[in-house]
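Q: The primary structure of each chain is shown beneath.
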Amino acid sequence: MYNILTSSIEIMIPLLLAATGGLFTEMGGTLNIALEGLMIMGACFSYIGAALTGSLRLGLIIGILSSVTLALLITRTNRLLHTNIFISALAANMLAPGLAAVISFRLFQNKGILTFSQVPSLPIWHYPFIGNHSPFLLISMVLLILSYIIIEKTPFGIHLKASGIDGDALRSYGINPDNTREISFIISAVFCGLAGSVLSFELGSYIPGITAGKGWIALVIIYLGGRNIFGILPSAFLFALAETLSNNLQGFSFLPGDIVNSLPNIFTLIVLIGVSIYNKKKTSFRTTKDNHDTHH
Amino acid sequence: MRIHKETINKLPLGTLKILAIALLLITLLTLTLSKEPGAALSAIFFGSFSNSYSFGNFINSSVPIILCGLGILIALKANLMNLGGEGQVYFSAFIVTMTSLSLEKLGLFGAIIGLLAGGIAGGAIAGFSAFLFNKWKTNVMITTYLVSAFFVSITDYLITNTFHNPATNLLSTKQIPSSQWLHTILAPSALNTSLIYAIFACFVIRYFLYKTLTGYEMRMVGSNIQFARYGGIHNRSITIKALFLSGFFHGLAGGFIVLGTYHAALRGFTGGIGWSGLSVALIAGGSPLATIPASLFFAWLQSGATIAMQQSDVTSELAEIAQGAVFLLITSNVLLKGRNKNV
Amino acid sequence: MKPTISIKEVSKTYKEFHIKAVDHVSLDLYKGTITCIVGENGAGKSTLMNLLFGLQKPDSGTISVEGKPTSFSSPTDAMKSGIGMVHQHFMLFDPMSVAKNVVMGIEPRKHHFFFHTKETNKRVQECLDANGFTIQANEKVGNLTVGDKQTVEITKMLYRQSEILILDEPTSMLTEQEIESLFITLKKLKDAHKCIIIILHKVSEVMKIADTIAVMRKGKLIGTYLKEEMTAQKLSDLMVGDSGNYPLKSQDLRQRQHNKVILSAKNLTVERNNRGKPLLHRVSFEVHEGEIMGFCGVKGNGMGVLEAVLGGMIPTCEGTITHNGVDITNIGSRRLRNQGLAFVPSDRIHYGSAEQATVEENIIINEREKYFPLSKNEKRSFIHSFIGSTKIKANVHQTMGSLSGGNMQKVIVAREIHNMSDYIVLSNPTWGLDVSSSSHVHQQIKKLQAEGKAIILISSNLDEIMELSDKINIMHNATIAAEFEMTPSITKKIIGSYMLGLGEKNSENT
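Protein chains in written order, with the working numbering: chain A, 1 to 296; chain B, 1001 to 1343; chain C, 2001 to 2510.
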């Protein structure tokens, strides 16, 4: 029982981080499908950075910078060249593993699993009641609260939410919604870079595919949490719990690895369908058939 | 000879610029990352032409890309973006294999039925997104992607476990009998008659889009959906037809890979073809015949990168990076002025 | 007294439509007055206000604020000069509080980074109270009535201490009581020395609130008048222009009533699911063979909705439409087309054509099922004879968007006439067209009438309606305010007054 809790918390941390970052873009009205690619950048390059510098902290910074760079690539081309943001986000999801392979091959002649002894192991902190975890648990909680403050208590957060509600109305106040959206994208890159680093640092290796759809799960977590900063926490825990349980059951060949891989996508799909059913009750025209329900 | 202004305007200058950027990127990456850049670059750009084996394989690898490109193009004409190519190709390749195997007594005829089954499977996967869109306006790009990713995992499982061929060490199904194989054109390379069918398909699609009623209706829906509705075109039915056809062609791509090259379904063997098809369709700018040179371009880069990986010290992912760069730029309204707003 | 705003010889042309939206307008506006800008559709009122607020730049002329010439490149510049504008569509964020909406962009801050909720609520509440508004600053905007939302928009301007307030058709979505409240507020603001400019189109409202009235027609400023020297009828006449002599119809009207009824509509009503004001309310009419039935009114009073219902694009939630006795209510555009619907929409770009497609592709849309089975030669001759009949010099393979507006409309009209059965709906068919294209379209319409077709003509162009119609239905407030048979005794004056709301049974025309 206790192991399930610890395991779930560990799995939850990167999901929570990615979802928090994704929430910023969501508030701005953009569906951010680049979360996966941004996490990959963080996972790969923070590990390589830590291996090259011998320091986890420096590696982390490198990882976050690489994620931000990729995000800037998307947003700058989108704003200057008027590209389609979805396709560009997809491009980022393609470029990330490509860059990871090319650079790790150049440095280490190995584009597969990277395991280096010179990467320090994560310090273990003793948390009251919930046992031993990495410093990232505290960091993710602090960031969660910080995000709450930024979104709810600062003018930037208000402008961000406004740009998600009605960008043109925001323009009439003299504020450019494109700027707030771009900033929110960069913020999501910082969070995803961090989330990816957590994955590879916790594991002690970088494995291509280490993100395994978590970028998509982060989107589901956001929607399931009601697009609300505090709904994300229980939602992320729920998914982490589900993954822990299914991992434990894999020993009985209950759910084979490939099927487990398919679950993030199916969940996201179901949530998406649910959201669109919910949104369908928008203002449409009444027809003569509608009159049968009401007594006019 | 005077070159008229209209002809110059028809040249895809913006597209060529983007492709040039992609080539430049590959060159730069090779120069910085490789300890023997000369050998690497020579392998990338010329390796595909070095002998008939490499050349045949290079041409052969363009065939499924042409078909996927056509599939994307059909959907784009109706203003729909099918991002589910990967799963549609992979799953239908599996279906083609299993159907042909179960009909091996019928030889080539069984393979044809298998091909159709694969096409229908691909079409159904894409068509499901059309159903969701018609009913609840769910975003087509995302649903095609997610459903397809689901089918990739399912197919992985089926090939590796349920239908795994115990006789080999490969993660693969049983092989289809040689009576069901397509004839090779340039032995010992894998180039086979599917090339002819793919080129033929380009002409068929061109005819369909511009000379038939349904093709016209699709294009009007894509051009101005309000105008289409005003003229009485049944938009919902067009959405389903467009996405089904799109998935069908992706299915054909998967089928031809099996019948022409691998003769079985191997885990992950169609990886990346869906995305290449998407790049190609975006580059081809709405012309079915332009899909052919565009596919050859990507196939050339990809096979070049693979050869460079064998002969020198760079990775094949260079081609993926070039493709990602193309994706990043190809939807730009600024670089490609006056292009049809198909995206 | 020096004018607060001085507009001198300002012009603005929309090149694509060959329209001079604002034509050498000169106008002075003063603090402590309410100036109403009035005029028909397309008179140039909204464009003039957009120029004032920096949403667009004038092609020529100057705008000076407090004596200083200005050159606004955006609304932000205008706001810095003390100008505020309330648009017809609210720029508000429903999930947020009134206070947040009001201070957006100039938020009071705590420790420089944080939003000072307490201070914001306090300041906004003070502003609301000072102006006698009963709204609470911490109330969610989404929970407010339309009238209160408009008050929030006005508060936005007052909070920023705008001295010049522009309101664009502020009354169109308000109830009578809310309009009363608004007018009280505006009068108070006038007494506080604000310079207020309102665009209105209801004569009764203008007579209630205006100090000065500026009448625009076809982009020109016809004149400025003090309220005291104006009456409701005089105003209405000025807005619609002189009556002319219109040729009598050839066939006797009374005889036409015995012709067959081709199209009959009863109680057409259009509502949205959220039960707001109905967009169309109990519209009924009958069109006979060889009859031209005109619908006219000010834009926004239901004509666009009527057009969409007749074209099968939106449904009616009550009533019926019958064609030659057969019920065609809500059967949709597809089936209407199959039965030979002919429909020239008012928006030729978004509905009537596909700009990126070729001329040929635009022509064949209604008859596409007949077209594709034809042989290559048959197709070619079909297209050529079609183009020949329109007398346009155009290559059918060029894009529709490359044609001039006039040629585009000729093609559309020809297309619709080509496979029509026995009735046609035309909406604003000559909008934005040059004189020769307009007269071509009118000739086509008269030809159709001579052939015994039933014609529904919807237009905000009064001259057009009066010249062509046998019967006129005047639309006001989403319903038919009056019906007239077109005889010489029906003048523009009369029609104008119904269009502008004077003819209502409960109107206050003093």
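It is possible that part of the hints are untrue.
Below, simulated DSBU-like cross-link-like pairs (lysine-lysine); rule was C-alpha separation at most 35 Å, straight line [unchecked claim]:
1) Lys2299/C <-> Lys1135/B
2) Lys2031/C <-> Lys2260/C
3) Lys1135/B <-> Lys2057/C
4) Lys111/A <-> Lys280/A
5) Lys2234/C <-> Lys161/A
6) Lys1137/B <-> Lys2110/C
7) Lys2057/C <-> Lys2188/C
8) Lys1135/B <-> Lys111/A
9) Lys2227/C <-> Lys153/A
10) Lys2266/C <-> Lys2057/C
11) Lys280/A <-> Lys2057/C
Just so you know, the hints here were simulated from the structure itself, not pulled from any lab data.
This one's a predicted model, so the numbers in the text were calculated from it and none came from an experiment.
Q: Run every hint past the structure and note whether it holds.
A: To see whether the hints hold, each was checked on the structure:
Annotation: proposed proximity of Lys2299/C to Lys1135/B holds, straight-line Cα distance about 34 Å (limit 35 Å). Between Lys2031/C and Lys2260/C the alpha-carbon distance is near 61 Å, which puts this suggested pair outside the 35 Å criterion. In summary, the hint linking Lys1135/B to Lys2057/C is not supported, as the alpha carbons are separated by about 44 Å, beyond the 35 Å threshold. Taking the CA atoms of Lys111/A and Lys280/A, the gap is near 46 Å; set against the 35 Å cutoff, the hint is violated.
Of the pairs offered as hints, the one joining Lys2234/C and Lys161/A is violated, with about 50 Å between alpha carbons and a cut-off of 35 Å exceeded. About 43 Å separates the Cα atoms of Lys1137/B and Lys2110/C, which puts this hinted pair outside 35 Å; it is violated. Between Lys2057/C and Lys2188/C, the direct Cα distance comes to roughly 32 Å. Compliance with the 35 Å bound is thereby established for this hinted pair. Between Lys1135/B and Lys111/A the alpha-carbon distance is near 44 Å, which puts this suggested pair outside the 35 Å criterion.
With a C-alpha separation of about 50 Å, the suggested pairing of Lys2227/C with Lys153/A is violated against the 35 Å cut-off. Restraint check: the Cα-Cα separation between Lys2266/C and Lys2057/C comes to about 46 Å, which exceeds 35 Å; the hinted pair is violated. Under the criterion of a C-alpha separation no larger than 35 Å, the hint pairing Lys280/A with Lys2057/C is inconsistent with the structure, at around 40 Å.
This entry does not satisfy hints 2, 3, 4, 5, 6, 8, 9, 10 and 11, going by the numbered hints stated previously.
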